[in-house]
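Protein chains in written order, with this note's numbering: chain R, 21 to 136; chain G, 30 to 119; chain D, 2 to 158.
Don't read these hints as lab results, they were simulated from the structure. Each hint should be verified, as a subset may be incorrect.
Restricting the straight-line Cα-Cα distance to at most 30 Å, the calculated cross-link-like pairs of lysine-lysine (DSBU-like) are [to be verified]:
id	chain 1	residue 1	chain 2	residue 2
1	D	LYS66	R	LYS49
2	G	LYS32	R	LYS124
3	D	LYS152	R	LYS124
4	D	LYS3	D	LYS152
5	G	LYS32	R	LYS45
6	R	LYS124	R	LYS45
7	R	LYS49	D	LYS63
8	D	LYS152	D	LYS63
9	D	LYS3	R	LYS124
10	R	LYS49	R	LYS124
11	G	LYS32	R	LYS49
12	D	LYS66	D	LYS152
13	D	LYS3	D	LYS63
14	D	LYS66	D	LYS3
With beta-carbon atoms standing in for the labels, derived distance ranges [unchecked claim]:
id	chain 1	residue 1	chain 2	residue 2	range
15	G	ASP95	R	MET21	27 to 37 Å
16	R	THR123	D	ASN117	26 to 36 Å
17	G	VAL46	R	ARG71	29 to 39 Å
18	R	VAL87	G	ASP76	40 to 50 Å
Ideal placement from N, C-alpha and C gives every residue a C-beta, glycine not left out.
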Amino acid sequence: MIANIPFIAVAILVIIGLYTVIFRKNLIKMLIGITIIESGVNLFLITLGYREDGVAPIFTGLSNPDVVMTYPVPQALTLTSIVIGVAVLALMLSFIVQMYRHTKSLDVRTFGGDDQ
Amino acid sequence: MDKRNLLGFAFLTVVSVFLIFSALLMHPFGDPTEEDMDQYIIDNTVDETGANNGVTAVVFDYRGFDTIGEATVLFTAVAGVVLVFRRLKK
Amino acid sequence: MKGMSIIVRTIANISFPFILIYGLYVIAHGHLTPGGGFQGGAVVASGLVLMLIAYNAEWVSKRIKESHLSIFESIGALGFIILAFLGIVFGGVFFTNFLVGTDFIFGMIPMNGAANINTGGTLPLMNFAVGLKVIAGLFAIVFVMAHFISKTEEDAA
Numbered sequence: 021m022i023a024n025i026p027f028i029a030v031a032i033l034v035i036i037g038l039y040t041v042i043f044r045k046n047l048i049k050m051l052i053g054i055t056i057i058e059s060g061v062n063l064f065l066i067t068l069g070y071r072e073d074g075v076a077p078i079f080t081g082l083s084n085p086d087v088v089m090t091y092p093v094p095q096a097l098t099l100t101s102i103v104i105g106v107a108v109l110a111l112m113l114s115f116i117v118q119m120y121r122h123t124k125s126l127d128v129r130t131f132g133g134d135d136q
Numbered sequence: 030m031d032k033r034n035l036l037g038f039a040f041l042t043v044v045s046v047f048l049i050f051s052a053l054l055m056h057p058f059g060d061p062t063e064e065d066m067d068q069y070i071i072d073n074t075v076d077e078t079g080a081n082n083g084v085t086a087v088v089f090d091y092r093g094f095d096t097i098g099e100a101t102v103l104f105t106a107v108a109g110v111v112l113v114f115r116r117l118k119k
Numbered sequence: 002m003k004g005m006s007i008i009v010r011t012i013a014n015i016s017f018p019f020i021l022i023y024g025l026y027v028i029a030h031g032h033l034t035p036g037g038g039f040q041g042g043a044v045v046a047s048g049l050v051l052m053l054i055a056y057n058a059e060w061v062s063k064r065i066k067e068s069h070l071s072i073f074e075s076i077g078a079l080g081f082i083i084l085a086f087l088g089i090v091f092g093g094v095f096f097t098n099f100l101v102g103t104d105f106i107f108g109m110i111p112m113n114g115a116a117n118i119n120t121g122g123t124l125p126l127m128n129f130a131v132g133l134k135v136i137a138g139l140f141a142i143v144f145v146m147a148h149f150i151s152k153t154e155e156d157a158a
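Okay, chain R solo, but in the shape it has when bound (with noise of 0.2 Å):
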């Protein structure tokens, strides 16, 4: 069990993030849990790629040739998803300051139904 503390460590990072979207009224707060539900992601797909006593795949001719290399191809694609979390967090925080502009409020109980 020792050995899978990274992914322990998404699974942590993802249950904060879910906690604070779940039971938070304010919405920057809930914006804050979005992004680090996103971070627990992004950390799942590096790990999944890693050998042991593995070094970066940069090829340089100077190391010995029967070193590990760690697989390039989970880098990549999280390279991509960070672009995607970088884009999507500021469509969020401008539809916030519009809200924000039109009724004065950042509480989440405003908006919605009328229920309680």
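Given chain R's structure and the hints, the job is docking chains G and D onto it.
For chains G and D alone, kept in the frame of chain R given last:
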């Protein structure tokens, strides 16, 4: 606590049990299954593309189609943000 | 929104060219060292946002118009797509690396070990196109928000 808080708490408990249980059942960290595609990329990058950086060769040469999709998403997000903050001239 | 004090403005004036050169170095050497188009573009956009914070938004908007940013971003995206379509003309399939092996501009194949910047095929050209797109896009997001906030304060006052 009222009904909404109880429902949220139950959902959080179910999802957290599922996540921790599947994190304990993953393959050990540092010992993935043998991949033929990644081994081929590591062996043949310098001959086929001439680059020294394996990750850039994968992003722009072996998997360039995903980079086109990512550039489209970035362009759409910038267009959306500029549209939301536009002031109409009176 | 007002700018900051004169100490912040002096340090921003001194350190802005160094940030610009470091970001362009990371973009240009993307096929030799870790880095590339997206990473270097984020570094240069951070340097531009530093200048936006130190001075007012109006001082920056007198020098960089919004139409310039839109032209830069379109040039970057169109350059990337044209480089992908030139693979059909010269190679046969979409996205072919058609500059490797020839002696046109970027065509050397490194024999053993350390290489110079003359390698890589179409990779450095694609790095420049994507870097330009990311710089213009990320700076346009922050600039539009800052301009909107300063105009709202000016209307309320």
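Structure-inconsistent hints, enumerated in ascending order: Of the numbered hints, 1, 7, 16, 18 do not hold.
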